[in-house]
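Make a model of the complete structure from these sequences and hints.
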Amino acid sequence: MGDVVGKIREKFYGQIIEFEEKSERRIYIEFKPQDIPEAVKFVFRDLGCRFATATGTDTPQGIEILYHFSYDPRGEVVSLRALIPDRKNPQIQSIATIITGAEWIEREIWELLGVNFIGHPNLKHLLLIDDWPEGKHPLRHDHG
Amino acid sequence: MKALFSYLIFPGFLFSACVGLLACWVDRKVTARLQWRVGPPWYQNFLDIVKLFGKETILPEGAKLTFLLSPCLGLLSVALVATILGVGILSPAHSFMGDLIVVMYLLIIPAASLIIGAFSSRNPFASIGASREMKLILGYELPFILAVIAVIIKAKCAIKLGTIITCQMALGSYIASFSGALAFLAVIFCMQAKLGAVPFDLAESEQELMGGALIEYSGFPLAIFKLTKALMLYVMPLFLIVLFLGKDLSPLFLVAKYTGILVIIILIKNTNPRLRIDQALRFFWGPMTIIATLAVILALLGL
Amino acid sequence: MLLWPLSWLYWGYDMDLKTRALTKSLWAFHAATSPCNNCDIEVLDLFTPRHDVERFGITLVGSVRHADVLVVTGVPNYKTGERLKKLYGQAAKPCFVVAVGGCACGRILFQDSYNSPCPVDEIVPVDVYIPGCPPKPEAMIAGIMKLIKKVEGK
Numbered sequence: 000m001g002d003v004v005g006k007i008r009e010k011f012y013g014q015i016i017e018f019e020e021k022s023e024r025r026i027y028i029e030f031k032p033q034d035i036p037e038a039v040k041f042v043f044r045d046l047g048c049r050f051a052t053a054t055g056t057d058t059p060q061g062i063e064i065l066y067h068f069s070y071d072p073r074g075e076v077v078s079l080r081a082l083i084p085d086r087k088n089p090q091i092q093s094i095a096t097i098i099t100g101a102e103w104i105e106r107e108i109w110e111l112l113g114v115n116f117i118g119h120p121n122l123k124h125l126l127l128i129d130d131w132p133e134g135k136h137p138l139r140h141d142h143g
Numbered sequence: 000m001k002a003l004f005s006y007l008i009f010p011g012f013l014f015s016a017c018v019g020l021l022a023c024w025v026d027r028k029v030t031a032r033l034q035w036r037v038g039p040p041w042y043q044n045f046l047d048i049v050k051l052f053g054k055e056t057i058l059p060e061g062a063k064l065t066f067l068l069s070p071c072l073g074l075l076s077v078a079l080v081a082t083i084l085g086v087g088i089l090s091p092a093h094s095f096m097g098d099l100i101v102v103m104y105l106l107i108i109p110a111a112s113l114i115i116g117a118f119s120s121r122n123p124f125a126s127i128g129a130s131r132e133m134k135l136i137l138g139y140e141l142p143f144i145l146a147v148i149a150v151i152i153k154a155k156c157a158i159k160l161g162t163i164i165t166c167q168m169a170l171g172s173y174i175a176s177f178s179g180a181l182a183f184l185a186v187i188f189c190m191q192a193k194l195g196a197v198p199f200d201l202a203e204s205e206q207e208l209m210g211g212a213l214i215e216y217s218g219f220p221l222a223i224f225k226l227t228k229a230l231m232l233y234v235m236p237l238f239l240i241v242l243f244l245g246k247d248l249s250p251l252f253l254v255a256k257y258t259g260i261l262v263i264i265i266l267i268k269n270t271n272p273r274l275r276i277d278q279a280l281r282f283f284w285g286p287m288t289i290i291a292t293l294a295v296i297l298a299l300l301g302l
Numbered sequence: 000m001l002l003w004p005l006s007w008l009y010w011g012y013d014m015d016l017k018t019r020a021l022t023k024s025l026w027a028f029h030a031a032t033s034p035c036n037n038c039d040i041e042v043l044d045l046f047t048p049r050h051d052v053e054r055f056g057i058t059l060v061g062s063v064r065h066a067d068v069l070v071v072t073g074v075p076n077y078k079t080g081e082r083l084k085k086l087y088g089q090a091a092k093p094c095f096v097v098a099v100g101g102c103a104c105g106r107i108l109f110q111d112s113y114n115s116p117c118p119v120d121e122i123v124p125v126d127v128y129i130p131g132c133p134p135k136p137e138a139m140i141a142g143i144m145k146l147i148k149k150v151e152g153k
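Residue numbers (numbering that gives the first Met the number 0), protein chains in the order written: chain A, 0 to 143; chain B, 0 to 302; chain C, 0 to 153.
Hints are supplied without guarantee of correctness; some may be wrong.
As the list claims (entries may be wrong) - Chain C is faced by these chain A residues, among others (derived, beta-carbon under 8 Å): (1) L127; (2) I128; (3) P137.
Keep in mind that the hints were calculated from the coordinates and are not lab data.
For glycine and all other residues, C-beta sits at the position ideal for the given N, C-alpha and C.
This is how it looks when you write it as structure tokens:
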């Protein structure tokens, strides 16, 4: 786990909020939401990690989005965490411009959790039908 | 009257339909046994056809009359080929000059009827299947015709099935010579493509194209298409036997040779995956055409 | 056709050749309306050597128009529900519907889900329910036998 984490630590020393080592080959690194695009660019382009998926949860502290990157030569997973405290109107910069494969997962996080992705090329419904009522996001705890 | 009897009953439509459906059953049963399964009972294919007659026929929107006519066209032409071949085998003196060319033309019609029917369905999957079948026909007709030319040359340029049979009875099967063996090899693969069997079943690939060319057919026309396929399974090996293995056509040897060719078809079917259309075309216009041309050259040289 | 009276003699007056041929040669089309795929794997298990279903004449077909049985798995949601209705309309009648798995039978734990408006039998008329999560292939074969008995009894 050494060199991937070490390289991230030395590049983003001031911007990392917290490290959490979940197990031997999984580590969560927390960033501020504004710093995520830069971190993603570094991990994806310079370190050569593969973007696996993105997950979102509605927590008491805010909406938490995790971007999971897999370092395939050693089977390690680095997850970049962003906690968005504003629950009325959560926003974060979209990484679909950096990684094209993130387009659909960001559409899904938008429609189910209500997070607005700034700069996303095609923010439409993916799993729910097109005339789903505005403002109702099913995976929020205050829905239904 | 006798012609009508031989077209409809024996050796025409009814007889070849029964034998063809049984041959389809042999194929399914052997495939099942190879996969350690049990397989369907012998009357399964007959029941499939009867069941399809009992289902309703759905006409897709905008389909013209050719949707219903094209399967009948295919069936009629294959039944005619079965009659000509049967009459040729039973009494070689009754075949007429040029019936070999008639048979070759009639054998294209089932594939053409599949294409016409698929295009008249107005369905994008069907048009993909039909265009693949068109390209496949362009592919396998060339080595097929070249191989048949090799046989004609060996039979002293007689385009008459009866003469080919009598020449073989006198001088020995054509497969026993170099040119005949090469031509037989080319024709085996062309036959596999004509029958629409793996590895050349692109037109009707089930999993990939949701039924391919036959996607909009249901009930009665679908039953006719399945019958046409069964009849082709009867007619094509018979054609091969007449051209290449015609030395001894007594019933016992005929059945043994037919079973042998059926075994070859089933073997190739079970050991190969499906080819893409460009791979299939490259296969037919490359190695197969070279082998067939070699067969023609060797036949001209007298080998 | 002249075979009808012969079949009457063979099977008795309450079943004709059409029904008999239908029960002995059922062609199945697998319609998966967003399942978790466990039921789909078990349906495919039916065609493997252990529980070979082809000996009953059942095969999987690629096109709905060739199908006699529509095998439905999964919970229908807004998108797949309307497609299931269209599929049922496109199948050539007589076509039967078999709901495989707990989700297709009654939506078990997805009853109050935000994305699932109604169970399968409010979209298409279901003939046989095969509950289980996922149902064993033996249970599915028992369900097929019940379907055949139901068709013969018609």
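Report task. Under 8 Å, Cβ to Cβ, is where A/L127 needs to be relative to chain C, so tell me if that hint holds or is violated. Result -> At 7 Å from the nearest chain C Cβ, A/L127 passes the 8 Å test, so the hint holds.
Query raised in the report: Quick one, is the A/P137 hint okay against chain C at 8 Å, beta carbons?
Result: Cβ of A/P137 sits 4 Å from chain C, so the hint holds.
**Report entry** Cut-off 8 Å, beta-carbon criterion: hint that A/I128 touches chain C
**Finding:** Holds: closest Cβ of chain C sits about 5 Å from A/I128, inside 8 Å.
The structure meets every hint from the earlier list without exception.
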